[in-house]
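Residue numbers (my numbering), protein chains in the order written: chain A, 1 to 211; chain B, 1 to 211; chain C, 1 to 276; chain D, 1 to 225; chain E, 1 to 225.
It is worth saying that the hints were derived from the structure and are not from the lab. The reader is advised that the hints may include incorrect statements.
To be verified - Computed cross-link-like contacts, DSSO-like style, restricted to lysine-lysine with a CA-CA straight-line distance of at most 30 angstroms:
(1) C:K29 / C:K260
(2) D:K87 / D:K53
(3) E:K132 / D:K56
(4) E:K132 / E:K174
(5) E:K223 / D:K180
(6) E:K53 / E:K3
(7) B:K131 / D:K87
(8) D:K223 / E:K53
(9) C:K269 / C:K144
(10) D:K223 / E:K87
(11) E:K87 / D:K87
(12) E:K132 / E:K119
(13) E:K223 / D:K223
(14) C:K112 / C:K153
(15) E:K87 / D:K53
(16) E:K53 / D:K132
(17) D:K87 / A:K131
(18) E:K56 / D:K132
(19) C:K112 / C:K144
(20) E:K132 / E:K177
(21) E:K180 / D:K87
(22) E:K87 / D:K174
(23) E:K177 / D:K87
(24) C:K122 / C:K196
(25) D:K223 / E:K180
(26) E:K177 / D:K223
(27) A:K131 / E:K132
(28) E:K87 / D:K132
(29) C:K144 / C:K29
(30) D:K87 / E:K132
(31) D:K53 / D:K3
(32) C:K143 / C:K196
To be verified - Beta-carbon label-pair distances, calculated as ranges:
(33) B:R123 / D:K180: 33 to 41 angstroms
(34) D:R14 / B:R123: 33 to 41 angstroms
(35) C:S268 / A:M64: 44 to 52 angstroms
For glycine and all other residues, C-beta sits at the position ideal for the given N, C-alpha and C.
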Amino acid sequence: MMDELLGIITRSIIISGTATLLASTWSIPLAYRLSHKTRAGYIRSILEALVGVPTVLIGLLLYMILCSQCPLGLLGILYTPIAIVIGEAILVTPLITAVSLYEISRVRARYGELAQSLGASDRQVMEVVLKYSIPGIIGALLMGFSRAIGELGVALIVGGNIKGYTRVMTTAIALEVSRGEYEEAILLGLLLLLIVAVIAVGLRMIRGGRD
Amino acid sequence: MMDELLGIITRSIIISGTATLLASTWSIPLAYRLSHKTRAGYIRSILEALVGVPTVLIGLLLYMILCSQCPLGLLGILYTPIAIVIGEAILVTPLITAVSLYEISRVRARYGELAQSLGASDRQVMEVVLKYSIPGIIGALLMGFSRAIGELGVALIVGGNIKGYTRVMTTAIALEVSRGEYEEAILLGLLLLLIVAVIAVGLRMIRGGRD
Amino acid sequence: TGNWGVVRVRATTTTSLYATGLLDYLSNKYMKQHPDTRIDFMPVGSGEALRRAGDGEACLVLVHAPSLEKEYIDRGVIYYHRIFAYNYFVIVGPGNDPAHVSNATNIVDAMKKIYNAGEAGKAKFISRGDNSGTNVRELMLWKKTGLDPNDRKWYIVSGTGMGQTLVMADQMNAYTLSDKATYLKYLASNRIHNLKILYSNDTALINIYSAYLVKGCNGKELERAKGFIDFITSSRGQELIASYGVELYGEPLFYPANNKTSLADTWSKLVKGLDP
Amino acid sequence: MIKLCGVSHSYDGRRFILQNIDLEVGKGQIVFIMGPNGSGKTTILKIMGLLLKPTKGRILFEDRDYWSLRERERLEIRRRVIYVHEKPLFFPGTVIENMLYPLYIRGYHREEALELINKMLEENGLINIIDKRVDELSSGTLQILSILRAMLPTPDLLLLDEPLTHLDLENQLKIIKILKQYLSMGKTLIVSTHNPLFPRRMGGRIYELNNGSLREIDPNSLKTI
Amino acid sequence: MIKLCGVSHSYDGRRFILQNIDLEVGKGQIVFIMGPNGSGKTTILKIMGLLLKPTKGRILFEDRDYWSLRERERLEIRRRVIYVHEKPLFFPGTVIENMLYPLYIRGYHREEALELINKMLEENGLINIIDKRVDELSSGTLQILSILRAMLPTPDLLLLDEPLTHLDLENQLKIIKILKQYLSMGKTLIVSTHNPLFPRRMGGRIYELNNGSLREIDPNSLKTI
Ligand SMILES: Nc1ncnc2c1ncn2[C@@H]1O[C@H](COP(=O)(O)OP(=O)(O)OP(=O)(O)O)[C@@H](O)[C@H]1O
Ligand SMILES: Nc1ncnc2c1ncn2[C@@H]1O[C@H](COP(=O)(O)OP(=O)(O)OP(=O)(O)O)[C@@H](O)[C@H]1O
Ligand SMILES: [Mg+2]
Ligand SMILES: [Mg+2]
Chain A
1 MMDELLGIIT RSIIISGTAT LLASTWSIPL AYRLSHKTRA GYIRSILEAL VGVPTVLIGL
61 LLYMILCSQC PLGLLGILYT PIAIVIGEAI LVTPLITAVS LYEISRVRAR YGELAQSLGA
121 SDRQVMEVVL KYSIPGIIGA LLMGFSRAIG ELGVALIVGG NIKGYTRVMT TAIALEVSRG
181 EYEEAILLGL LLLLIVAVIA VGLRMIRGGR D
Chain B
1 MMDELLGIIT RSIIISGTAT LLASTWSIPL AYRLSHKTRA GYIRSILEAL VGVPTVLIGL
61 LLYMILCSQC PLGLLGILYT PIAIVIGEAI LVTPLITAVS LYEISRVRAR YGELAQSLGA
121 SDRQVMEVVL KYSIPGIIGA LLMGFSRAIG ELGVALIVGG NIKGYTRVMT TAIALEVSRG
181 EYEEAILLGL LLLLIVAVIA VGLRMIRGGR D
Chain C
1 TGNWGVVRVR ATTTTSLYAT GLLDYLSNKY MKQHPDTRID FMPVGSGEAL RRAGDGEACL
61 VLVHAPSLEK EYIDRGVIYY HRIFAYNYFV IVGPGNDPAH VSNATNIVDA MKKIYNAGEA
121 GKAKFISRGD NSGTNVRELM LWKKTGLDPN DRKWYIVSGT GMGQTLVMAD QMNAYTLSDK
181 ATYLKYLASN RIHNLKILYS NDTALINIYS AYLVKGCNGK ELERAKGFID FITSSRGQEL
241 IASYGVELYG EPLFYPANNK TSLADTWSKL VKGLDP
Chain D
1 MIKLCGVSHS YDGRRFILQN IDLEVGKGQI VFIMGPNGSG KTTILKIMGL LLKPTKGRIL
61 FEDRDYWSLR ERERLEIRRR VIYVHEKPLF FPGTVIENML YPLYIRGYHR EEALELINKM
121 LEENGLINII DKRVDELSSG TLQILSILRA MLPTPDLLLL DEPLTHLDLE NQLKIIKILK
181 QYLSMGKTLI VSTHNPLFPR RMGGRIYELN NGSLREIDPN SLKTI
Chain E
1 MIKLCGVSHS YDGRRFILQN IDLEVGKGQI VFIMGPNGSG KTTILKIMGL LLKPTKGRIL
61 FEDRDYWSLR ERERLEIRRR VIYVHEKPLF FPGTVIENML YPLYIRGYHR EEALELINKM
121 LEENGLINII DKRVDELSSG TLQILSILRA MLPTPDLLLL DEPLTHLDLE NQLKIIKILK
181 QYLSMGKTLI VSTHNPLFPR RMGGRIYELN NGSLREIDPN SLKTI
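Given these sequences and hints, build the entire structure.
Following this line, the structure appears as structure tokens:
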């Protein structure tokens, strides 16, 4: 029992952590591109609107691509942790992009021209802007991780809640709920919050007290 | 059929819109308080960590308060839209607070002392800081609304997915999924995204092209 | 009671039953006779449906999980037990039937065939693992074979609802136990591509749907809840159940109970874990 | 008007920028604060501008100990004091929005405020930029505007931190003229500067801040480059 | 070194701040740009600093038309030009981090860079603030640092926008001395200022910008307050 719980916890952290990092590989560059002063406002709004996209929808769309008769069925990754990672990475993309955009725009407006005036190349301007956006980016990634580890729809639909393989915290919670075991479900939920909070506090120590 | 769909859509918008506004009544003041330069970093991190709190957990906790033998059972609001509003308002509080905090901190650091030096009272400093934070706050509220309208757990557990009464877009989607009608579920999901996107674009026109 | 003089009857039920559309169909008919009544169905898991009844959050319960129901009857949570429909669980599996379940002589044989094929690496079986009526029945069947599939590599415990379990079995070429109604529904909506019914219509697989009232519920809500149970067990209600879905699926999803005492006996056996 | 009694200040609790400073500035007076870079001019101006609470010592405003007053009374006093930053600060938006602000927070009616602003900008030849966004203005223009904005609600005590920065000759002379007028209305001015010609033109006492202490100096002892 | 040919500039497409300007500054020369507030000094400096592309006209850097070059070549040129903002800008963080930056992006080794920085700060009596955070420094100190930072990678063309702003007498003289040394290394300087004493001290041509055009003037024709 204890073993199983530990498995579920580490699995959740690894899957959602991987999904967050994966999402960051395209979300951060995208946010940097959008941080130009030009009229990226509408794209920004659309990203904000997509922050809460129903997880079930992403799960279903991904299913429609990964199922055996489907375009990418041959990959055989449906009902594996990989499928959850992909779905969660898509899920958190708008959140990570929209939130890190706040910091990146601010930093770029403030320090972009300075870097340029000191002789930085476009690439070096990006580097320095991202460097000074790190506290905000960490915040965005933390939110993304929290969202990923707390989501249910993707994990359930493309993961399948398979015991010992794709069962994560939220699918375990859902199972307890369907059994009517609300107390156990709540305990699991609080445990999940505790885990994310511990990670958050850990990251904060890297970030420093303020910002 | 069309009537029912229309009902579900308006119900979703009203419930989640109300929840977002309700949450803003405490989230924005909270964000302002946290925007002091003092060491609010840890609180900020915890808020970010709570962004993805499982909706099922909030649903269950609220159920444990609102059920008839429970502390607030006498209110009789379980299985009503009010219960969903409350649950969603709690759900989006960390998101709205954490995101608007980015803008409010920045604006306060930049314009707070100016307002003070020109003779503003504490209250007036707050007013002017919030005024110039509006673009960011709208973004935070939009994200909150998107999250609220896209969430499932609260609506399902304390709303009950009652046809014509507490059935909202996401619970309708979940029902279609349980019926195996994935295509219909996806259509409903895309419709939901469309609605939020239209609202986002409308808000953007108020906000202006950039920021 | 609810707004505008409408009597709200809070009803919890299992998702799989609600998803067939039967309950909305029946309640629409009932509300024609009682326009001031609205039955609010809340589709949830079996355990959850009964738990909410225990919390006093429902007046009417419609489920198909006898042993679980018995617990709540004994605790005095639910009463006024009426069986309103039944059908059969079915063993479904890949069309090429690697375990040869379709040749099974009886249910024990069928389960053993799956077990052996599983051990031989030729088959998989998905268990819902959610303590639902279907899951409880599946475990009973394994017990009868004297084999323990737990922790075998081919025995996949998925912990999802009936519908998704069927989809997973279809995708993974696995066997599973399903209620017939959900299977037909998923087949009709094209969610299932190569999953076939390989074993069915064995009394050992009977699936009994029961309705209950909940203690603590009173007044008009109770009156109408009771009225609804009486309606669906009335001869008119039973006719409606018998014909439901025939047009769409080519065969009935449910058989009417028609107050057969044999069904009550079967139910009692199931509760005790005995062979029906 | 304002009096510092034994004021010391340290930002980090270790190094004291100001050490036991006493200074009194009477109503209608002008006082210049000079001193090398980093000597604490901005710090002492912010303290007298009631924006920064000193680590030690008292600030008497019309004989009342400011930092021991209640919030209501403090606000009342603060409404009569304006400090102009050494780097002109503005709210994002247009010139008119920025000029309205100090009047708005003091409860002026909009019409009255607009009239005052129009008059002031017209007198200074700036009426044509009234609807410009501040981020489109040159640094000198912003400097003038920040001084004019501070004068709009006619504070009794006006503190100016290097007010001639970024100004061309003509505008420097204009500001000097305006400040003289302001003095003649019985208002009090405290000004920091690095330009010795400035106090020579204005008159008034000059203090030099150095190593944490303040001492009065003779304007003619000062050189330029 | 750098040559403007028929350069005009407008921010909004309507009002032209600069109109058809021609200017040539040779290697080793110093040129002052003066002119009233809002006349476009900052604009022309940013254009010559290759940060702002003018609406019309060409900028020849060592006879190459800068804005028609490819990105690689432009970067190569930009590495040899530094513009110092009129309001000193810094990255958040410490002095040393900020001083390292222009060297870092030019690929200096860390040890070499640290050595250069230490030497420069020591020569200017600023070694004690090397680890300070820039938001804890006074405006004058930041002004000096922003000039020193620009000189570290010894750009061939250095543009200074009002470099004496916020500086006390001693620091003004120090900067003048440093700039003279820099000139004597064969570097080119373009400087804007409102202080006529500055070009008198430095020598070099003086241009006045007014109503969009540039004309050379006699330093002795200029007055101070
Ligand atoms: N927020 C702060 N935190 C720590 N130290 C500070 C802070 N602000 C100023 N200081 C330090 O206090 C000293 C005085 O600074 P101040 O800005 O008052 O000098 P100043 O006389 O106005 O200089 P300048 O002529 O350059 O404007 C400086 O050594 C500066 O580094
Ligand atoms: N980003 C901008 N958008 C629109 N107009 C601008 C912008 N920047 C400057 N201007 C305008 O261009 C003109 C020249 O500005 P610039 O800053 O070059 O003047 P300057 O000579 O440096 O003035 P100062 O002596 O005050 O620094 C001004 O009228 C200013 O309002
Ligand atoms: Mg200063
Ligand atoms: Mg300028």
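A quick look at each hint next to the structure:
Straight-line distance between C-alpha atoms of K29 of chain C and K260 of chain C comes to about 23 angstroms, which keeps the hinted pair within the 30 angstroms bound. Using a Cα cut-off of 30 angstroms, the hinted pair K87 of chain D and K53 of chain D holds, with the two alpha carbons roughly 21 angstroms apart. Our distance criterion of 30 angstroms between C-alpha atoms is met by K132 of chain E and K56 of chain D, whose separation comes to about 24 angstroms. With a C-alpha separation of about 22 angstroms, the suggested pair K132 of chain E and K174 of chain E falls inside the 30 angstroms cut-off, and the hint holds.
The straight-line distance between the Cα atoms of K223 of chain E and K180 of chain D is roughly 21 angstroms, inside the 30 angstroms bound, and the hint therefore holds. With a C-alpha separation of about 14 angstroms, the suggested pair K53 of chain E and K3 of chain E falls inside the 30 angstroms cut-off, and the hint holds. Our distance criterion of 30 angstroms between C-alpha atoms is met by K131 of chain B and K87 of chain D, whose separation comes to about 23 angstroms. Among the hinted pairs, K223 of chain D with K53 of chain E is inconsistent with the structure: their alpha-carbon atoms are about 41 angstroms apart, more than 30 angstroms.
Restraint check for K269 of chain C and K144 of chain C: satisfied, since their Cα atoms lie roughly 14 angstroms apart, inside the 30 angstroms limit. For the suggested pair K223 of chain D and K87 of chain E, the alpha carbons sit about 25 angstroms apart, so the restraint of at most 30 angstroms is met. The suggested pairing of K87 of chain E with K87 of chain D holds, with an alpha-carbon distance near 8 angstroms, which does not exceed 30 angstroms. A hinted pair counts as satisfied when its Cα atoms are at most 30 angstroms apart, and K132 of chain E with K119 of chain E qualifies at roughly 17 angstroms.
Pair hint K223 of chain E plus K223 of chain D holds up; C-alpha atoms about 16 angstroms apart against a cutoff of 30 angstroms. Taking the CA atoms of K112 of chain C and K153 of chain C, the gap is near 16 angstroms; set against the 30 angstroms cutoff, the hint holds. Between the alpha carbons of K87 of chain E and K53 of chain D the distance comes to roughly 27 angstroms, so the proposed pair stays at or under 30 angstroms and holds. For the given pair, K53 of chain E sits about 23 angstroms from K132 of chain D by alpha-carbon distance, which is consistent with the 30 angstroms threshold.
Among the hinted pairs, K87 of chain D with K131 of chain A is consistent with the structure: their alpha-carbon atoms are about 27 angstroms apart, no more than 30 angstroms. Of the pairs offered as hints, the one joining K56 of chain E and K132 of chain D holds, with about 24 angstroms between alpha carbons and a cut-off of 30 angstroms not exceeded. Distance hint between K112 of chain C and K144 of chain C is fulfilled; the C-alpha atoms sit about 10 angstroms from each other, no more than 30 angstroms. This hinted pair checks out: K132 of chain E and K177 of chain E have alpha carbons roughly 25 angstroms apart, not beyond 30 angstroms.
Taking the CA atoms of K180 of chain E and K87 of chain D, the gap is about 28 angstroms. The hint holds against a cut of 30 angstroms. Taking the CA atoms of K87 of chain E and K174 of chain D, the gap is near 23 angstroms; set against the 30 angstroms cutoff, the hint holds. Straight-line distance between C-alpha atoms of K177 of chain E and K87 of chain D comes to about 26 angstroms, which keeps the hinted pair within the 30 angstroms bound. A distance of roughly 17 angstroms separates the Cα atoms of K122 of chain C and K196 of chain C; the hinted pair therefore holds under the 30 angstroms criterion.
Distance restraint check for K223 of chain D and K180 of chain E: the Cα-Cα separation of roughly 21 angstroms lies within the 30 angstroms cut-off, and the hinted pair is therefore satisfied. For a cut-off of 30 angstroms, the pair hint linking K177 of chain E to K223 of chain D stands: about 17 angstroms separates their Cα positions. With a C-alpha separation of about 20 angstroms, the suggested pairing of K131 of chain A with K132 of chain E holds against the 30 angstroms cut-off. Of the pairs offered as hints, the one joining K87 of chain E and K132 of chain D holds, with about 21 angstroms between alpha carbons and a cut-off of 30 angstroms not exceeded.
Under the criterion of a C-alpha separation no larger than 30 angstroms, the hint pairing K144 of chain C with K29 of chain C is inconsistent with the structure, at around 41 angstroms. With a CA separation close to 21 angstroms, the supplied pair K87 of chain D and K132 of chain E stays within the 30 angstroms bound. Of the pairs offered as hints, the one joining K53 of chain D and K3 of chain D holds, with about 14 angstroms between alpha carbons and a cut-off of 30 angstroms not exceeded. Straight-line distance between C-alpha atoms of K143 of chain C and K196 of chain C comes to about 24 angstroms, which keeps the hinted pair within the 30 angstroms bound.
Between R123 of chain B and K180 of chain D, the C-beta spacing of about 36 angstroms keeps the proposed range 33 to 41 angstroms intact. The supplied range of 33 to 41 angstroms is met by R14 of chain D and R123 of chain B, whose beta-carbon atoms lie about 35 angstroms from each other. Range check, S268 of chain C to M64 of chain A: Cβ separation about 45 angstroms, and the 44 to 52 angstroms hint holds.
Hints 8, 29, counting from the list given before, are not met by this structure.
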